[in-house]
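Top line first, the protein sequences correspond to chains A and B. Residues 16 to 331 (my numbering) are what the first sequence spells out, left to right. Residues 16 to 331 (my numbering) are what the second sequence spells out, left to right.
Some hints could be false.
One copy or any two copies: either way a pair holds, since identical chains are not told apart in the list.
[To be verified] Derived EDC-like pairs: lysine to aspartate or glutamate, alpha-carbon spacing no greater than 16 Å straight-line:
1) K223 - E234
2) K298 - D278
3) K130 - D296
4) K145 - E274
5) K60 - D77
6) K104 - E274
7) K300 - E318
Bear in mind the hints are in silico, worked out from the structure with no lab data behind them.
There are 2 protein chains.
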Amino acid sequence: MEASIVPYDCIIVGAGPAGITAGIYLVRKNLDVLIITLDVGGQAKLSTDVENYTGFTMIPGDELVRRFEEHLNSFNVNIVFEKVKAIKKENDIFRVETKERSYWSKTVIIASGKKPRTLNVPGEEKLIGKGIYYTTLFNAPYFKDLPVAVVGGGNSAMQAILELSKFTQKIYVINITEDLTGDEILKERVKKLGFVKIFGNCKVVEVKGENRVEEIEVENVKTNEKFSLKVNGLIVLIGLVPSLDFELPEGLKINEKNEIDVDQNCCTNIPGLFAAGDVSDVKWKQIIIAAGEGAKAALSAYEYLMSRREFLEEKF
Amino acid sequence: MEASIVPYDCIIVGAGPAGITAGIYLVRKNLDVLIITLDVGGQAKLSTDVENYTGFTMIPGDELVRRFEEHLNSFNVNIVFEKVKAIKKENDIFRVETKERSYWSKTVIIASGKKPRTLNVPGEEKLIGKGIYYTTLFNAPYFKDLPVAVVGGGNSAMQAILELSKFTQKIYVINITEDLTGDEILKERVKKLGFVKIFGNCKVVEVKGENRVEEIEVENVKTNEKFSLKVNGLIVLIGLVPSLDFELPEGLKINEKNEIDVDQNCCTNIPGLFAAGDVSDVKWKQIIIAAGEGAKAALSAYEYLMSRREFLEEKF
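Could you put the whole structure together from the sequences, leaning on the hints where they help?
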């Protein structure tokens, strides 16, 4: 580290519910905080109607994120929109490298969340954004009266079905399990629609079309039978994978799902490094849980800084 | 268990941020849920201005609780206002006894929160409500232009000082540490007032007065010097203790602070028994954290029920 570099007290990677909450907590402690992120809101922004963020009976995901952002902005928080390439620990200080430059910090909170899992089948990559989407937000009206397939059977998939049902009655569901999973309340609403055709025990094996999605090839995983469906759109909601496409500090413990191992208080196995929200191995991926975990990570980072007064002599 | 008794799927003890969130999550799963509590909101209701519940830039604690309650009531949740006396596990089923009756359930989530720690000094008990309070909510205006002492130096104490400062400039702070603790942002606001007299390293050893608080006896814990202060009120904000004044299932693990041991997913060491929020050993006691933990406990209870299909055969 060069002598002229003054490290931040904390760098937060990501600005979903966990990163934003961590930011709010740390700024209220008068610490020097920098948030590095590509967007604000993360997966929360892609939820249609959120009914389980305590305090809001029902709120669209993007509106909830707008409130999170407004809350964060009520403090003066440094935020840069850059892509993180590496986090390295060098002599007790972390170096966070983005495409553009390097930043130094005494602590780091990784709150980079998750991103949608892709199908990984022929035809998918070239048709992304051309009929293939990983959300129904903003794009459901495109499918007015057109056939569309939803891949998946959990809460996100069911919310997508409900959203699409406002515009079309030609909805297919391709679901790897026999029946829909997720909240009963959503299952009931989907079944009540009456026109949704569910293909259980099925997966998409190919997407066909030149400039737009035209047809999907589906396989029944029990019978190995294959069949085709003509569709104009394919909404893929088969879960998420951790957003960890950057170099991590040497020795950081990661579980088999590629999530960062944390203890009850969001500490990783590397002193000064914390993780919160969907990128951590906390079992349940929920907005309210991620927000709570962000607060924990911030308070753990603060405690770590306070326990190392050499870091903070100038400050306290 | 008598043959005629149909147990609930889950009984939640307490209706603070953790209990309410657990209730919302479980009702959305179409489970039979009963909340047993003495009040709604818990400690959250006693916060003056909450600035760190993500999504609400600034909201009074009682207003936040009103929104929690409204959110819970948007579902049909069974709630009884009774005092829990014992939780017992009998042949895989929990029996929750209140003063009035017994309830049976397949799972229990303890979310009974914390209650204010008392001074435990002569004169305190008889003057509770007669000048001694454990909150400034509703009572700050009583002290218009009168001398009042705040015991404690953390966030709650500082919020109380700020609230009292709207009505009186005669504010003493009796604090066991040298300086105020808690968020820098609050410390700055308190110090900016200019008229708050802080007695560091001090504790209250006696409260004097016949029908009302008239005087407090204070001791400096470093010098052992004692002195008296004439005050009309004493606001005690020296932390909280777990609300566990009922019989717990045999063998339940509790830590040295009398908090219930939980893992990262709010499971206790007793199968089917979960704990969430301030009553658990999660280090940080915050509204947003308690809400997140409530969601975790609910999802863990749901997973437990689903893993024991004999409990749910009639349902799924």
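Verification of the hints:
no.: 1; hint: K223 - E234; in the structure: within (14 Å within a copy, 81 Å between copies)
no.: 2; hint: K298 - D278; in the structure: both (12 Å within a copy, 11 Å between copies)
no.: 3; hint: K130 - D296; in the structure: within (15 Å within a copy, 32 Å between copies)
no.: 4; hint: K145 - E274; in the structure: neither (31 Å within a copy, 54 Å between copies)
no.: 5; hint: K60 - D77; in the structure: within (4 Å within a copy, 28 Å between copies)
no.: 6; hint: K104 - E274; in the structure: neither (19 Å within a copy, 35 Å between copies)
no.: 7; hint: K300 - E318; in the structure: between (26 Å within a copy, 14 Å between copies)
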